[in-house]
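Peer 1: Sequence:
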Amino acid sequence: MFDSMRAAASVDDGDEDDVFVRTPRTRAVLLVTVAATVVTVVLGVLTGTAVLLLGLLVFLPAFASALCTPRQTALVSTWVSAVVVVPVALSGERVADRVVLALFAVGFGVLAVYASRLRISREGALVRLRSTAAAMQRQILRPLPLLTDDVLVDGVYEPVQQDKLVGGDIYDVAATPWGTRVMIGDVQGKGLAAVGMAIDVVGAFREAAHREPTVTALIDSLEAAVVRHNDYADQRGEPQRFVTAVVLGVDAGADVQLVTCGHVPPYLLHDGIVTTVGAGTAHAPLGLADLVEEARTVSWFAFPPGATLLLCTDGLTEARAPGGAFYPLEARLGGHVDITAGRLTRSLVDDVHGFTAGAQQDDLAILAVRRAPVRVPE
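If you're matching positions, the sequence shown starts at 1 in full-length UniProt numbering and goes up one per residue.
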């Protein structure tokens with residue numbers, strides 16, 4: 001039996017349900033099974049209670065069922081049953097004791113195989129569910145980096161609930177006849193209701209960015225989408241939500257258009273200097289335009305070649321250290337002014353994780369925007 005287990009361990013890795021796939025996990029189960037058997041037999045011989053101690057091996061299949069495939073669990077169960085039943089049957093114990101111990105060994109083995117099959121089925125369903133969620137995320141939030149004729153956008157997106165893959169933070173980039181539009185936003189609240197709002201806003205941005213020639217008209221379309229979503233939410237008895245956002249309009253010109261709707265203002269990194277852009281021109285968040293009389297307007301600022309625009313959500317600016325201090329983003333940016341867009345965002349994420357001791361309190365989205373590299377005609 002021991003030889004058969006070793007032979008089974010040489011099965012090719014391609015069959016996931018084969019007897020003993022060569023993985024660290026299944027090799028560990030094999031070693032534990034053999035080691036437990038050897039220790040039990042040795043202790044039984046030394047103490048003269050081999051038959052009693054062999055009964056402890058009936059719990060090994062349960063260990064295998066938590067880690068192995070049903071076939072692998074069945075092999076461990078067969079091994080344990082043979083090791084337990086044969087010595088017990090040949091022992092001088094009472095017949096009733098031998099029968100009970102044998103039934104326990106076989107019964108635990110059968111239950112272990114069933115438990116393994118049930119676990120595999122549930123794990124498969126979970127994998128399919130996560131694959132579906134990942135596909136949905138790629139449709140809602142496109143993978144970074146994104147390149148247009150005007151800009152290169154790289155970044156990091158980390159929802160606070162990693163199992164959900166999509167949170168309330170949103171972003172998108174659209175190459176339009178009027179240049180590139182870049183959006184980053186944050187839906188109020190968390191949970192599935194916030195994700196629903198996020199989907200509506202991203203969808204409205206993708207449609208309106210190619211229809212509206214001005215950034216202000218694009219913002220009006222986003223406002224209308226949030227209002228419609230809130231109307232539907234109100235009909236269902238759900239709370240209304242607002243969305244903070246920043247929308248950029250970048251073209252071949254030297255200046256960039258900016259509309260800030262209650263969101264964290266962008267930072268411009270250039271020539272070793274960090275500057276907050278449009279901090280005094282913020283407007284009401286999307287969904288709250290009716291509460292203020294001032295119309296949303298576009299502000300302009302210079303975006304020279306070689307500069308980097310950093311856009312983020314409050315998951316970065318409001319991250320807290322264990323002592324309660326907020327993450328000093330502007331001060332930390334001073335040491336990251338001369339690195340690539342991808343390295344900038346990832347280094348900031350690593351830095352904020354160290355600052356908060358790994359305790360992420362909110363969804364986190366960071367975008368780094370740079371002028372697109374000049375394309376040489378072929």
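Treat each hint with caution, since some may be false.
[Said to hold, decoys possible] Pairwise CB distance ranges, derived in the manner of DEER restraints:
no.: 1; residue 1: F59; residue 2: A331; range: 53 to 61 Å
no.: 2; residue 1: F326; residue 2: E293; range: 28 to 36 Å
no.: 3; residue 1: E238; residue 2: V39; range: 56 to 64 Å
no.: 4; residue 1: E318; residue 2: V110; range: 49 to 57 Å
no.: 5; residue 1: E294; residue 2: S347; range: 33 to 41 Å
no.: 6; residue 1: K190; residue 2: V100; range: 34 to 42 Å
no.: 7; residue 1: A279; residue 2: Q235; range: 15 to 23 Å
no.: 8; residue 1: E318; residue 2: T216; range: 23 to 31 Å
no.: 9; residue 1: T214; residue 2: E293; range: 19 to 27 Å
no.: 10; residue 1: T276; residue 2: T216; range: 20 to 28 Å
no.: 11; residue 1: V227; residue 2: T340; range: 33 to 41 Å
no.: 12; residue 1: F104; residue 2: Q235; range: 19 to 27 Å
no.: 13; residue 1: A325; residue 2: V38; range: 53 to 61 Å
no.: 14; residue 1: D251; residue 2: I140; range: 25 to 33 Å
Keep in mind that the hints were calculated from the coordinates and are not lab data.
All C-beta atoms, glycine included, are put in the ideal place defined by N, C-alpha and C.
Peer 1: Now look at each hint and say whether the structure bears it out.
Peer 2: Hint check results:
For the hinted restraint 53 to 61 Å between F59 and A331, the CB-CB distance of approximately 56 Å keeps it satisfied. At about 32 Å, the beta-carbon gap between F326 and E293 stays in the expected band of 28 to 36 Å. Distance hint check for E238 and V39: the Cβ-Cβ separation is about 59 Å, which falls inside the suggested range of 56 to 64 Å. At about 54 Å, the CB distance of E318 to V110 agrees with the hint of 49 to 57 Å.
Taking the beta carbon of each, E294 and S347 are about 38 Å apart, inside 33 to 41 Å as hinted. At about 54 Å, the CB distance of K190 to V100 disagrees with the hint of 34 to 42 Å. For the hinted restraint 15 to 23 Å between A279 and Q235, the CB-CB distance of approximately 38 Å leaves it violated. The supplied range of 23 to 31 Å is met by E318 and T216, whose beta-carbon atoms lie about 28 Å from each other.
The hint said 19 to 27 Å for the Cβ distance between T214 and E293, and at roughly 21 Å that hint holds. Look at T276 against T216: about 22 Å separates their beta carbons, and that is inside 20 to 28 Å. Against the hinted window of 33 to 41 Å, the Cβ-Cβ separation of V227 and T340 comes to about 39 Å, which satisfies the hint. As the Cβ distance of F104 to Q235 is approximately 60 Å, the hint placing it in 19 to 27 Å is violated.
At about 56 Å, the beta-carbon gap between A325 and V38 stays in the expected band of 53 to 61 Å. Our hint of 25 to 33 Å for D251 and I140 holds, since their Cβ atoms are close to 26 Å apart.
In terms of the numbered hints stated before, the structure departs from hints 6, 7 and 12, listed from lowest to highest.
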